[in-house]
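Here is how the chains run, residue by residue.
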Amino acid sequence: MELSNIEKLLEKYFEGETTISEEKELKVYFTRETVPSHLERYRDLFQYFSEESTVTATKELTLNIDRKRFVYTWIGIAASVALIAGVFLTRSTPSTTADTFEDPEIALQETKKILNMVSQYMNEGKQELVYLKEFENTKNKFIK
Amino acid sequence: MKERAFITLTNGFKDKLFRLAKRLLVSNEEAEDATQEVLLKLWKSKGKISEYKNVEAFAMTMTKNYCFDKLKAKETANLKIVHSNYKDERPSLQREVEAKDSLDWVGKILNDLPEQQRMIIQLRDIEQYDNAEIADMLKINETAVRVALSRGRKRIREELLKKHNYGIV
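Residue numbers (my numbering), protein chains in the order written: chain A, 1 to 144; chain B, 1 to 169.
Chain B extracted, bound-state conformation (with noise of 0.2 Å):
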């Protein structure tokens, strides 16, 4: 396969690579390094790609494992750092910064979650895969997903009902 070629193929599910990786490291490097590790490795085995039944299924899944093997790593290392992606943020209207504040608000909540529903509930709620795809994506079976999917969602439906009943964060 010619690297262009291998280019548009990837282009196709790259982003979404990047935004489960994103989910899972919440630091925007540390997801884009993982988006490039995982593209490099597809890169080296493009000899096999036409083995594989579901590319794009199968990139994710290698996000997935480099992203917990990360997670992993930094679980045992001594120093941790926070990723909090600073932002510049400009002045606007009250009403959009509390607009923006309140997304992220949810961004928070889900942050928060356990790794698996959290990556259940990126693949499903944002990426639109079904429960089937999520399944053979993350090695599970499709009632553990939708039990996971249901058990997130309540968890953030919990936290927003507080957010919204004390008005305050």
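Isolated chain A, as found in the complex (with noise of 0.2 Å):
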């Protein structure tokens, strides 16, 4: 490209009205091995541009946070089966009380002896209350 021309793009570039394409020439021009001893100072800055462009992260970007919540959730899961499977397995089934007897009806005796045991202990238990009709006795003489 002509020389003059460059030198009008360069001005037009310094006032921010150069466009994408004529920007890429003064790029080209630039990278050029000679490029005249007075335009010589502007050559690093369209270097350092077309350099700049290339520069990459060295470390790779990862999502790695998400990840940590997906394990998470699966630490969540697998405690609450733990928990709900320890809590059925080991609640203690409950105990049934075992047959004493082997023949219902020695089992009905057994029982009729023991309620009649209880009954003539409480009728026993009752003669001593006689008393308490005194009381009552008493208590009608005065309040009729």
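These are computed hints drawn from the structure, not numbers from a lab. You may find that some hints are simply not true.
Capping the alpha-carbon separation at 30 Å, the derived lysine-lysine pairs in DSS-like fashion look like this [stated by the list, open to error]:
(1) B:K74 - A:K59
(2) A:K59 - B:K48
(3) A:K8 - B:K162
(4) B:K162 - A:K24
(5) B:K108 - A:K8
(6) B:K139 - A:K24
(7) A:K27 - B:K44
(8) B:K108 - A:K12
(9) B:K108 - A:K59
(10) B:K74 - A:K27
(11) B:K163 - A:K8
(12) A:K24 - B:K53
(13) B:K108 - B:K74
(14) B:K74 - B:K44
From chain B, some residues computed to sit far from chain A (all C-beta separations above 12 Å) [claimed, not checked]:
(15) K53
(16) L71
(17) K72
(18) A73
(19) P114
(20) E115
What the simulated footprint calls covered on chain B by chain A, stretch by stretch (three residues with Cβ under 8 Å from a Cβ of chain A suffice, anywhere in the stretch; the number is not a length) [as the list claims (entries may be wrong)]:
(21) 16-23
(22) 27-36
(23) 59-70
(24) 158-166
Because the structure is a prediction, the values reported are computed rather than measured. Where is the CB? At the ideal position from N, CA and C, for every residue including glycine.
Join these two chains into a complex; the hints should help.
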């Protein structure tokens, strides 16, 4: 490209009026080996621009925090399953009382015997309460 | 959206996010963190991705906002850490070193510009977005983009001229 053209483009460039394609032309021009000495100083600028556009991050960028959350979700699920299983498995099954008699007839009679004994004691105790009637009698004497 | 699809989508512009972050934050590590943060945020709102008309521009805006937050937080901190990205320079030919040096010098000039101009030059001269796209990303109007661009470029020219005349840094 003609030198005067480049100078004109440079002027436009510093006014911020060049288009992207004109700027590309400038970049191409200034990355060549030979540039007139009075334009030499701009060479660094355009070389810097084209060099900078190739800089990349050295560290691999990942979405690892999300993965961590994913792990936590599964740990949570595993914990709740373990808890529920634990509750169901360790809960003591209600102990059924073992039969003490083989024959229901004997069982009935034994039960009756015990109930009789209980009622007998009850009646013995009740006889002591006869005195309570005396209170009733005395009370009736005063309150008619 | 599945993770794989998301990664293919963001692979197209994640380097641009990184470079913008690096331009603003200077430090490589911080820029990597910023890119990571922005991508994660984007991933979390992946349900809404189809609603955005331009995911790339949206991600750029997110990066800009994130970096500005970082810079603001740094300003208020008592301790300032200057990142210089120390590198182990391999011995090379004098010429190569000189060339490298003068390119670094351009980078230094660029990084001394006000943030707005720095960002616009990054987006325009390095990433080659057009002014309308930049205006959309930065939420300013196109004229402001053009003015900032011109000011930034002229400032760089002045500094280059100074350096060229004195020949010393």
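Hint check results:
Annotation: proposed proximity of K74 (chain B) to K59 (chain A) holds, straight-line Cα distance about 23 Å (limit 30 Å). Restraint check: the Cα-Cα separation between K59 (chain A) and K48 (chain B) comes to about 27 Å, which is no more than 30 Å; the hinted pair holds. Between K8 (chain A) and K162 (chain B) the alpha-carbon distance is near 22 Å, which keeps this suggested pair within the 30 Å criterion. Between the alpha carbons of K162 (chain B) and K24 (chain A) the distance comes to roughly 26 Å, so the proposed pair stays at or under 30 Å and holds.
Pair hint K108 (chain B) plus K8 (chain A) holds up; C-alpha atoms about 27 Å apart against a cutoff of 30 Å. Taking the CA atoms of K139 (chain B) and K24 (chain A), the gap is about 26 Å. The hint holds against a cut of 30 Å. At most 30 Å may separate the alpha-carbon atoms for a hinted pair to count; K27 (chain A) and K44 (chain B) exceed this at roughly 39 Å. Straight-line distance between C-alpha atoms of K108 (chain B) and K12 (chain A) comes to about 24 Å, which keeps the hinted pair within the 30 Å bound.
At most 30 Å may separate the alpha-carbon atoms for a hinted pair to count; K108 (chain B) and K59 (chain A) meet this at roughly 24 Å. Between K74 (chain B) and K27 (chain A) the CA atoms are separated by roughly 35 Å; this puts the pair beyond 30 Å, and the hint is violated. Between the alpha carbons of K163 (chain B) and K8 (chain A) the distance comes to roughly 23 Å, so the proposed pair stays at or under 30 Å and holds. Annotation: proposed proximity of K24 (chain A) to K53 (chain B) holds, straight-line Cα distance about 27 Å (limit 30 Å).
Annotation: proposed proximity of K108 (chain B) to K74 (chain B) holds, straight-line Cα distance about 20 Å (limit 30 Å). Among the hinted pairs, K74 (chain B) with K44 (chain B) is consistent with the structure: their alpha-carbon atoms are about 26 Å apart, no more than 30 Å. Even its closest Cβ contact with chain A, about 21 Å, leaves K53 (chain B) beyond 12 Å, as expected for a residue assigned away from the interface. L71 (chain B), annotated as away from the interface, keeps every beta carbon of chain A farther than 12 Å; the closest lies near 19 Å.
For K72 (chain B), the requirement that its beta carbon stay farther than 12 Å from each beta carbon of chain A is met, with the minimum near 23 Å. With 12 Å as the threshold on Cβ separation, the claim that A73 (chain B) sits away from chain A holds: the shortest Cβ distance comes to roughly 21 Å. The beta carbon of P114 (chain B) sits about 15 Å from the closest Cβ of chain A, which is more than 12 Å, so the claim that it is off the interface holds. The claim that E115 (chain B) is not at the interface with chain A holds, since no C-beta of that chain comes within 12 Å of its own (minimum 17 Å).
Counting residues of the segment 16-23 of chain B whose beta carbon lies closer than 8 Å to any beta carbon of chain A gives 3, which meets the minimum of three for the stated coverage. For the segment 27-36 of chain B, the stated coverage by chain A holds: 5 residues have a C-beta nearer than 8 Å to a C-beta of that chain, and at least 3 were required. As drawn, the segment 59-70 of chain B meets chain A at 0 residues by the rule of a beta-carbon pair under 8 Å; below three, the given contact is violated. Coverage of the segment 158-166 of chain B by chain A holds. Counting CB-CB distances below 8 Å, 4 residues qualify, and the rule asks for three or more.
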